[in-house]
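Participant: Residues per chain are reported as follows:
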Amino acid sequence: MAGKDKDIVASAVVSKKEKVGNAIVFVLLCLGAVVMVFPLIYMVMTSFMTKNQILSGQLSLIPDPWVFGKYAEVLQKGSFISGVLNTIKIEIPVLLIGGFTSSLAAFAFAKMKFRGKGAIFMGLLATIMIPFAVIMIPQYVMFTRLKWTDSLLPLIIPACFGNVSMIFFLRQNLSSIPNDLMDAAKLDGCGYFRTFVQIFFPLMKGAVGTQLTLWFMGIWNDYLAPVIFLRSEKNWTLQVVIRSFNAYYAIQSDYALIMAASVIAMLPTITLFFCFQRVIIESVAISGIK
Amino acid sequence: MGRVNGKTKVKLSAMAKREERWALLFVAAPAVGFLLFMAWPIIFAFLTSLTTWNGAKGFAGMLDRFCGFDNYVKLFSDTKFWKTLLTTIIYLIGIPIGMILGLTFAMGMNRKIPGVRVLRTMYYVPVISSLVAVSILWAWVYNYDYGLLNVIIKALTGKHGPNWLGDEALIKVSMIIFMVWKGLGTSIILYLAGLQNIDRSYYEAAMVDGANGWQKFINITVPLLSPVTFYILITSMIGGFQVFVEVQVMTTNGGIGYSAATIVYYLYEKAFESFQLGYASAIAIILAIIIFIITLINFMVQDKWVKTID
Chain A
0 MAGKDKDIVA
10 SAVVSKKEKV
20 GNAIVFVLLC
30 LGAVVMVFPL
40 IYMVMTSFMT
50 KNQILSGQLS
60 LIPDPWVFGK
70 YAEVLQKGSF
80 ISGVLNTIKI
90 EIPVLLIGGF
100 TSSLAAFAFA
110 KMKFRGKGAI
120 FMGLLATIMI
130 PFAVIMIPQY
140 VMFTRLKWTD
150 SLLPLIIPAC
160 FGNVSMIFFL
170 RQNLSSIPND
180 LMDAAKLDGC
190 GYFRTFVQIF
200 FPLMKGAVGT
210 QLTLWFMGIW
220 NDYLAPVIFL
230 RSEKNWTLQV
240 VIRSFNAYYA
250 IQSDYALIMA
260 ASVIAMLPTI
270 TLFFCFQRVI
280 IESVAISGIK
Chain B
0 MGRVNGKTKV
10 KLSAMAKREE
20 RWALLFVAAP
30 AVGFLLFMAW
40 PIIFAFLTSL
50 TTWNGAKGFA
60 GMLDRFCGFD
70 NYVKLFSDTK
80 FWKTLLTTII
90 YLIGIPIGMI
100 LGLTFAMGMN
110 RKIPGVRVLR
120 TMYYVPVISS
130 LVAVSILWAW
140 VYNYDYGLLN
150 VIIKALTGKH
160 GPNWLGDEAL
170 IKVSMIIFMV
180 WKGLGTSIIL
190 YLAGLQNIDR
200 SYYEAAMVDG
210 ANGWQKFINI
220 TVPLLSPVTF
230 YILITSMIGG
240 FQVFVEVQVM
250 TTNGGIGYSA
260 ATIVYYLYEK
270 AFESFQLGYA
280 SAIAIILAII
290 IFIITLINFM
300 VQDKWVKTID
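Sequence lines, in order, name chains A and B. Heads up: the first sequence is residues 0 to 289, going by numbering that gives the first Met the number 0. Heads up: the second sequence is residues 0 to 309, going by numbering that gives the first Met the number 0.
Just chain A, with the same shape it has in the complex (with noise of 0.2 Å):
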């Protein structure tokens, strides 16, 4: 009885020890997530100050006054409208067609019995090591040729091939549904086509719906392959225009203007990100551990 006792007592003392380093824990996650989340907020704040303040040398960190038409100046700029614009126009086509592609070459990986399945999915997959900035002057010379870079067609044709982190994390959803339901569309006569679109499309709705939102992030916030491939300004993305932004309105100190312009451009991955942080972390999460 009394050895029981001690045993409880022991383990309160655990708990109470574990509380104390559980606060203390607390307080540090807090103070690290203050850190990296201050520099973002200090930006929103520049952007609402006078150029005044902001070239004052003195810390501060609320605009005073604080001046809202940095925000209307920035989206009166026909550049920065057209930056928009541009990168919208090359994500609709992408992430439909190219959605469109790779879940259903996804679905075969994973559902369907071919020879070579297995050596032209390691052929794709190897894909995600070659680095883009190998590749990036034959492409270059490609759409050149082609006549490509005074339009978005470089950034549009060859993603509608299909995204292979896509293809890869669909087939692993895809995993999970039995074959069963496969095979009975099978007897059924049901064609594989018409399979794909009513059985399993369905079925995988949820995962495409994550993995477009990632793809959409990324083509978003691309700013390599456009500064590359679009030539002319009247195509510039975005972010080819907040950083063209950044480098003419430093000259003239405007970095009230400088930051609004790249809050908004910040805003809708963010936004998509705090809809559905679930799911993308999930899916992040699940890279690390297969």
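No wet-lab data here; the hints were simulated from the structure. Heads up, some of the hints might be wrong.
Claimed, not checked - Ranges between beta-carbon positions, derived for each pair:
#1 Y201/B x A71/A: 56 to 66 Å
#2 T78/B x T49/A: 43 to 53 Å
#3 I87/A x V31/B: 23 to 33 Å
#4 V33/A x L24/B: 27 to 37 Å
#5 G56/A x A168/B: 17 to 27 Å
#6 I87/A x A59/B: 55 to 65 Å
#7 F45/B x L202/A: 27 to 37 Å
#8 M128/A x L155/B: 43 to 53 Å
#9 D198/B x K15/A: 20 to 30 Å
#10 F200/A x F45/B: 33 to 43 Å
#11 D166/B x Q251/A: 18 to 28 Å
#12 I127/A x I152/B: 35 to 45 Å
Note that beta-carbon positions come from the ideal geometry of N, C-alpha and C, so glycine has one too.
Got chain A; can you put chain B on it based on the hints?
Facilitator: Okay, now just chain B, sitting in the frame of chain A:
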């Protein structure tokens, strides 16, 4: 499922043939895309690297300018190439720093703590933020006269802070801090998922054996997380060799004395500013070889130190 004897030819039924034809059609788009936009460009990059082509006069112009392995020989004594390669490698220091921080924070979040979801999200926001936008932001944070960092330093110490982006050595430190900040969220999430995947019974068994916290960390946590560590290391190294946007946005012309320029930055300049496509392709091929070797080494040593429990 037995192995098919090599001699007996596998005869496919009509139905299986039909399935195969459809399947090949379904995977055709990504397969063709791979051949057109990945495989062929790699071969083409190698061919271009054997010339002094500047893009003029089409492929005939390219053949006219064949120069064998001259570009590679020239690269060997190109001080700018070595300098940018060294800078790229110096930036990789950020990877272990980010991994140690990531594991530390992930272990903190793996305890019974309120608001883990919110915290995790806050650490992850820089990851999903546009690289151009946050590069602009950090260039501003590092601004010598008005930047957040030096304003804080002045408020705390009364002295003017250092020129974060204006000194050949310090600019590298500044870039590394920025890159760790940008990528930390990924390692936290990956490590947290790895930690949550570890069976609690290992720790309970260790406790019965009287192991202390450090022993549990070294003997259970670290080895069981090694697949995650391996994954983070390999993806970060592949990414680390391709740093470009940060340099182009945060510095003018690669920073003072080209001190911040990376190998991809140099490659970009050669290809798209001075149009030395042949020379730039040689840099690209070297880069591909470096990344290939790193991946290979990683996979070779993987068996040695990555522990998995089956």
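Participant: Please check whether D198/B and K15/A have a Cβ separation lying inside 20 to 30 Å.
Facilitator: holds (26 Å)
Participant: Against the range 55 to 65 Å, how does the distance between the Cβ atoms of I87/A and A59/B compare: consistent or not?
Facilitator: Since the Cβ atoms of I87/A and A59/B sit about 40 Å apart, the hinted range of 55 to 65 Å is violated.
Participant: Is it true that the C-beta distance of G56/A to A168/B lies inside 17 to 27 Å, as the hint says?
Facilitator: At roughly 25 Å between Cβ atoms, A168/B and G56/A fall inside 17 to 27 Å, so the hint holds.
Participant: CB of M128/A to CB of L155/B, is that within 43 to 53 Å?
Facilitator: The hinted range 43 to 53 Å holds for M128/A and L155/B, with Cβ atoms some 45 Å apart.
Participant: In this structure, is the beta-carbon distance linking T78/B and T49/A contained in 43 to 53 Å?
Facilitator: Once the Cβ atoms are compared, 46 Å apart, the range 43 to 53 Å for T49/A and T78/B holds.
Participant: Could you check the hint for me, namely that F200/A and F45/B are 33 to 43 Å apart, CB to CB?
Facilitator: holds (40 Å)
Participant: In this structure, is the beta-carbon distance linking I127/A and I152/B contained in 35 to 45 Å?
Facilitator: holds (42 Å)
Participant: For the pair F45/B and L202/A, does the Cβ-Cβ distance stay inside 27 to 37 Å?
Facilitator: At 43 Å between Cβs, range violated.
Participant: Within 23 to 33 Å: is that where the Cβ-Cβ distance between I87/A and V31/B falls?
Facilitator: holds (27 Å)
Participant: Do the beta carbons of V33/A and L24/B sit within 27 to 37 Å of each other?
Facilitator: violated (53 Å)
Participant: Is the hinted range of 18 to 28 Å satisfied by the C-beta distance from D166/B to Q251/A?
Facilitator: Distance hint for D166/B, Q251/A holds at roughly 25 Å.
Participant: Is it true that the C-beta distance of Y201/B to A71/A lies inside 56 to 66 Å, as the hint says?
Facilitator: For Y201/B and A71/A the Cβ distance comes to about 59 Å; the hint holds.
In this structure, the hints that do not hold are numbers 4, 6, 7, in rising order.
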